[in-house]
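> Now for the letters of each chain:
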Amino acid sequence: MAEPVQDWKTDYDIFSKTYIKDPFPVWDELRGACPVAHTDRWGGSWMPTRYDDLFNIARDIQHFSSRNVLVADIMPPPDAEYANDIDPEAVAQYNVGAPPITSDPPVHTWARKLLLPPFSATQVARWEAETRELCGALIDEFIASGRADGAADYAQQIPPRVIASMLGIPKEMSGTFTEWVRGFLELGLTDPELRNQSALSIFSYMNERIQERKQNLREDDLLSYLLTATVDGEPVPEPHVLGTCFLLMVAGIDTTWSSIGSAIWHLAQHPEDRARLIAEPELISSAVEELLRAYSPVTMARYVAEDVEYNGCPMKEGDRVLMNFPAANRDPEVFENPDEVILDREKNPHIAFGVGIHRCAGSNLARMEMKVAIEEWLKRIPDFRLEDPENVTWAGGQVRGPRIMPIVWPS
Amino acid sequence: MKVTVDSEKCQGHNRCYILAPGLFKVDEFGYATPRGDGTVPPDLQEKARLAVTNCPERAIEIIEDEG
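Protein chains in written order, with the working numbering: chain Z, 305 to 715; chain R, 17 to 83.
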C-alpha cells in the first residue's frame, strides 16, 4: 500500500483512490499554491495544473518530447532505432512504439499526415449510421429491465466496436480488446507485468491481422490503407504500421469510453440538462465540447529532452511532465464558473484533446461517438438516475472515467 | 469584418468549422482556412467571435473594418 499523501505540492499520487474519485479540489489547491507540483512517486514527475502552463509546455516540443507519453512508465527507444522488419523479440520489447503519438518531428510530421485523413470529420461521418445502430442495439438489450450499468453495458461497448470496424478487424473480439487496453493503460500502469503482457497481446494480435491483410487487401479499411499508403514514394515501414495499429487500439478505446461514461454520469444527476438537450437537440455539439471540458478523461506525459527551468522548476533531461489537460480545463482564469456544466458555454477553448502538434488525431471520431451515444440514450431513456452515487467506481491516472455505474429508470 | 487563420498555429481541432461552417472550411487533414477572402457577413459576426474564443490554438483573428 502506498503511503497516504500529506502534501500534494511535493508528493502527489495520481493513483490514490481519493484523487481518482475526486481530483478537482487537489487541482484547485495546486493552481493557487504550486502550479507546477512535483512527486517522487511512480518514477517521479512534474505536474502543471494551470491552463497556460499546459498550453506552453505542450507547444514547446524542443524541451518536451513525446518519446514517452505514459504517466508511469518504461522508455521505448526513439524512432531512429526502428528495425525494418518485425522482430518478435523487438515487438515484445515495444521496439516499434506507437507512432505518431510517441514520435517527435521529423518522423511525427509524416506519420501524422498519414493518419489524419481517415479521421477527418468527413471520413468519420461515414461511420455515424453504424454507430447509431450499435447504440440502439445495446439499449435494446437492457431497456425493458429498467436498469443497466451505464459504463460496462453501454459506454464500454461502443468504441472498441467502432475502431474494430474502421480497422477492419473482427468486432466479436471487442471484449478482448477492452481487456487488453485496460491491462495496458489502466490496471497495468501500476503493474508492469500486466502492462507488458497486455501490450504484447495487442502487438501480436495486430501483427497477425497485418500479415493476413497483406495477402488480402481490401478497399475500405484502415489496415489496408496503412499497408498501401506511401510516404515520399516509399511504402510505410511495416513496424510503423504495427505501431500505429497499436496506437489506434489503445488510444481509441479507453478514452472515448470514459468520455461517454462521464457524460451519462453527469446527465443521470442533472435532469435539467437532460430536459434541455431533449428540448434543444441542436445544443448537442456545444454540449459535447462542454462535457469534454468538464470531464476530460486524458492525462498524457512528456519527457524532458534537455535541462530546462520552467516557472522556477529545475527540470532535468529524462524527467517526466504529466500533461494534466483535465486540470487546465477547470482553470478559473480561462473558464468562468469552471466547475459548472453549461451546455451552451460560449467561451470554451478546452484542451481535452491536447494542444499543439500532438492534438488527438481521433478527436472527430470521439466527438461523433459521444454525440451519437448521448442522443440515442436520451431518445430511448429520457429519465434516469444513478442507482447509488456512492457505488460508482472510477478509473484514473492516465484515463479517468466511470467503470461501474448502475443506472435505473422507470420501465 | 474579416477572419484569418494562422496556418502555423492551426492544428486541425475543427472547432471553428463546427461553430461556423459558413466562415471556415477544413482540408483532408482538418486544417482550417477562411471561406473566400474571409469576409464575414453581418449575420455571422457573432459566430466569428465564437470561433476566435473557442480555438484552442489561438489561431483565429478578426480584422474589424476601418472607420
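One thing to keep in mind: the hints can contain errors.
Said to hold, decoys possible - SDA-like, lysine to any residue: derived pairs with alpha carbons at most 20 Å apart:
hint, chain 1, residue 1, chain 2, residue 2
1, R, Lys25, R, Ile78
2, R, Lys41, Z, Leu491
3, Z, Lys325, Z, Glu542
4, Z, Lys675, Z, Thr532
5, R, Lys41, R, Thr69
6, R, Lys25, Z, Pro642
7, Z, Lys675, Z, Ala583
8, Z, Lys651, R, Glu44
9, Z, Lys651, R, Asp53
10, Z, Lys651, R, Glu82
11, R, Lys63, Z, Ser590
12, Z, Lys675, Z, Lys325
13, Z, Lys651, R, Gly52
14, R, Lys63, Z, Lys325
15, R, Lys41, Z, Glu523
Said to hold, decoys possible - Pairwise CB distance ranges (calculated):
hint, chain 1, residue 1, chain 2, residue 2, range
16, Z, Glu640, R, Ile79, 24 to 30 Å
17, Z, Gly616, R, Asp81, 41 to 47 Å
18, R, Phe45, Z, Glu694, 30 to 36 Å
19, Z, Pro409, R, Asp81, 35 to 41 Å
20, Z, Lys325, R, Pro57, 24 to 30 Å
Treat the hints as calculated values from the structure; they're not laboratory data. Beta carbons are placed, not taken as given, at the ideal position from N, Cα and C, and that holds for glycine.
> Indicate, hint by hint, whether the structure satisfies it.
We went through each hint and held it up to the structure:
no.	hint	in the structure
1	R:Lys25 <-> R:Ile78	15 Å, holds
2	R:Lys41 <-> Z:Leu491	41 Å, violated
3	Z:Lys325 <-> Z:Glu542	41 Å, violated
4	Z:Lys675 <-> Z:Thr532	32 Å, violated
5	R:Lys41 <-> R:Thr69	18 Å, holds
6	R:Lys25 <-> Z:Pro642	26 Å, violated
7	Z:Lys675 <-> Z:Ala583	16 Å, holds
8	Z:Lys651 <-> R:Glu44	27 Å, violated
9	Z:Lys651 <-> R:Asp53	25 Å, violated
10	Z:Lys651 <-> R:Glu82	26 Å, violated
11	R:Lys63 <-> Z:Ser590	13 Å, holds
12	Z:Lys675 <-> Z:Lys325	25 Å, violated
13	Z:Lys651 <-> R:Gly52	26 Å, violated
14	R:Lys63 <-> Z:Lys325	37 Å, violated
15	R:Lys41 <-> Z:Glu523	27 Å, violated
16	Z:Glu640 <-> R:Ile79: 24 to 30 Å	27 Å, holds
17	Z:Gly616 <-> R:Asp81: 41 to 47 Å	44 Å, holds
18	R:Phe45 <-> Z:Glu694: 30 to 36 Å	45 Å, violated
19	Z:Pro409 <-> R:Asp81: 35 to 41 Å	39 Å, holds
20	Z:Lys325 <-> R:Pro57: 24 to 30 Å	49 Å, violated
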